[in-house]
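Q: Each chain is listed here by its residues.
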Amino acid sequence: MSSLFTYTLRIADSSLILGQRMAEWCSKGPTLEEDIAMSNISLDLFGQSNGFYEYAAQLDGSKSANKLAFRRNEREFFNHQLAEQENGNFGTTTVRNFLHDAFNLLFYTQLSSSKDETLAALAAKSLKEVKYHLRHSSNWLIRLGDGTNESNARSQEALELLWQYTGELFEMDEIDNELLNLGIGVDNTALKTQWDEILNKTLKKAKLNRPEDGYMATGGKKGMHTEYLGFLLAEMQFLQRAYPDAKW
Amino acid sequence: MQNGKINKIWELLNTVPDPEIPVISVVELGVIRDVSFANKSYTISITPTYSGCPAVKAFIDDIKSCLKENGIRNFQLKLVYSPAWTTEWMTDKTKRKLKKYGIAPPSNTVICPLCESQKIEVISEFGATACKSLHKCKDCLEPFEHFKCI
Chain A
1 MSSLFTYTLR IADSSLILGQ RMAEWCSKGP TLEEDIAMSN ISLDLFGQSN GFYEYAAQLD
61 GSKSANKLAF RRNEREFFNH QLAEQENGNF GTTTVRNFLH DAFNLLFYTQ LSSSKDETLA
121 ALAAKSLKEV KYHLRHSSNW LIRLGDGTNE SNARSQEALE LLWQYTGELF EMDEIDNELL
181 NLGIGVDNTA LKTQWDEILN KTLKKAKLNR PEDGYMATGG KKGMHTEYLG FLLAEMQFLQ
241 RAYPDAKW
Chain B
1001 MQNGKINKIW ELLNTVPDPE IPVISVVELG VIRDVSFANK SYTISITPTY SGCPAVKAFI
1061 DDIKSCLKEN GIRNFQLKLV YSPAWTTEWM TDKTKRKLKK YGIAPPSNTV ICPLCESQKI
1121 EVISEFGATA CKSLHKCKDC LEPFEHFKCI
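From first to last, the protein sequence lines are chains A and B.
The opening residue of the first sequence carries number 1 in this note's numbering; numbering runs sequentially from there.
The opening residue of the second sequence carries number 1001 in this note's numbering; numbering runs sequentially from there.
Don't take every hint at face value.
[Unchecked claim] As a list, the in silico BS3-like pairs of lysine-lysine whose alpha-carbon atoms are at most 30 angstroms apart:
1) A:131 to B:1093
2) B:1119 to B:1100
3) B:1136 to A:28
4) A:128 to B:1099
5) B:1078 to A:67
6) B:1057 to A:131
7) B:1057 to A:128
8) A:128 to B:1005
9) A:67 to A:28
10) A:128 to B:1093
11) A:192 to A:115
12) B:1095 to B:1005
13) B:1064 to B:1093
[Said to hold, decoys possible] Okay, the calculated bits of chain B under chain A, using three or more residues with CB under 8 angstroms as the criterion:
14) 1008–1016
15) 1081–1093
16) 1106–1112
Everything labelled a hint here was simulated from the structure, so no lab data went into it.
The C-beta atom is built at its ideal place from N, Cα and C for all residues, glycine as well.
Using the sequences plus the hints, can you model the full thing?
A: Next comes the structure, spelled out in structure tokens:
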């Protein structure tokens, strides 16, 4: 596996897994408009992941985009652990997506000037959509945080629960460093300051407290996951596992 | 001779409607970026609108069958991601068609397509398709969709 292949796969995996989480809301949204919004976001994320999987499939040549998505096991997925966290209540979903959207906005902004033309083009495309996603999750975070005592308490609780998965977003490993040195990859660590700014500004408006940094989970990029990913894959991959290469 | 054929392909493509908004064609939508000829084959470059828009797959199939029905077989479709699709590629004529159809055309100031009022309330930033948001006119009270600017 080349470093570029793994790097591309990591981006695709985070989009796919978060997209699948959003798809789980389909027909269960708190209102009809929200149901549609979450399904739309899910589709955007699936579309983005498809672009990155197609590119990864070109780079590797032995597996199609579909096989990459539906025939790999949990330990072969390299998404951020944050993306796989369960939907919980609407507040949990909002907080999880807000934390990830803010990162994605900064990440794709940098990646759109990558020396790799395909990654740069896919990032520029994704960036347009992620701006909408962040606006959506930020608006809801403010409404929930600055809403009732109940919605504020649940949002704060979600923030405390999910905070431990934010450290991983800014990590750099040997693949990240190699691609950064080639002018292809993004310096994740350097995104932290701006991410903090977006976060602090929105949390203030939402009347939520930024949690203290404590234990930070890690390992998603290496295929180490929380217990939730396996169940997600079991549902998402069922059809292609039960009926390999099924077409309709 | 190729130029004539290329123009013919553009004309044919202009008859393929957008699957979700049938009043405009895929050419008017701005997704057809180029038609060229090399090595005995035509290449049609297409830029997808939204990454996950299901209509993209639908109009790619429609384009293929339209060309085949009209006797053109030596062609290939190429997906081009850069520059990313933007609503700025829509002409004023296309925007007028959208408005007549009841969809507020892409604009930073959303105007009610029915009564032209600018007193608008956003209902949801996401509509029935990825490209649209939901609004309501505070004057004529009609709900309507707006083609989002991207």
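Q: Each hint should be assessed against the structure and marked as holding or not.
A: For each hint, the structure was consulted:
A distance of roughly 28 angstroms separates the Cα atoms of residue 131 of chain A and residue 1093 of chain B; the hinted pair therefore holds under the 30 angstroms criterion. The suggested pairing of residue 1119 of chain B with residue 1100 of chain B holds, with an alpha-carbon distance near 19 angstroms, which does not exceed 30 angstroms. Distance restraint check for residue 1136 of chain B and residue 28 of chain A: the Cα-Cα separation of roughly 24 angstroms lies within the 30 angstroms cut-off, and the hinted pair is therefore satisfied. Simply put, residue 128 of chain A and residue 1099 of chain B have alpha-carbon atoms about 24 angstroms apart, close enough for the 30 angstroms limit, and the pair holds.
For a cut-off of 30 angstroms, the pair hint linking residue 1078 of chain B to residue 67 of chain A stands: about 22 angstroms separates their Cα positions. For the hint linking residue 1057 of chain B to residue 131 of chain A, the alpha-carbon distance of about 24 angstroms falls within 30 angstroms, and the restraint holds. At roughly 20 angstroms between alpha-carbon atoms, residue 1057 of chain B and residue 128 of chain A fall within 30 angstroms of each other, so this suggested pair holds. Distance hint between residue 128 of chain A and residue 1005 of chain B is unfulfilled; the C-alpha atoms sit about 35 angstroms from each other, more than 30 angstroms.
The suggested pairing of residue 67 of chain A with residue 28 of chain A holds, with an alpha-carbon distance near 29 angstroms, which does not exceed 30 angstroms. Of the supplied pair hints, the one linking residue 128 of chain A and residue 1093 of chain B holds, its CA atoms being roughly 25 angstroms apart against a limit of 30 angstroms. Taking the CA atoms of residue 192 of chain A and residue 115 of chain A, the gap is about 22 angstroms. The hint holds against a cut of 30 angstroms. With a C-alpha separation of about 28 angstroms, the suggested pair residue 1095 of chain B and residue 1005 of chain B falls inside the 30 angstroms cut-off, and the hint holds.
Distance restraint check for residue 1064 of chain B and residue 1093 of chain B: the Cα-Cα separation of roughly 26 angstroms lies within the 30 angstroms cut-off, and the hinted pair is therefore satisfied. Counting residues of the segment 1008–1016 of chain B whose CB lies closer than 8 angstroms to any CB of chain A gives 0, so the stated coverage by that chain is violated, three being the minimum. Counting residues of the segment 1081–1093 of chain B whose beta-carbon sits less than 8 angstroms from any beta-carbon of chain A gives 5, enough to reach three: the coverage restraint holds. By the rule of at least three residues with a Cβ nearer than 8 angstroms to a Cβ of chain A, the coverage given for the segment 1106–1112 of chain B is violated, with 0 such residues.
Consistency note: the structure conflicts with the earlier hints numbered 8, 14 and 16.
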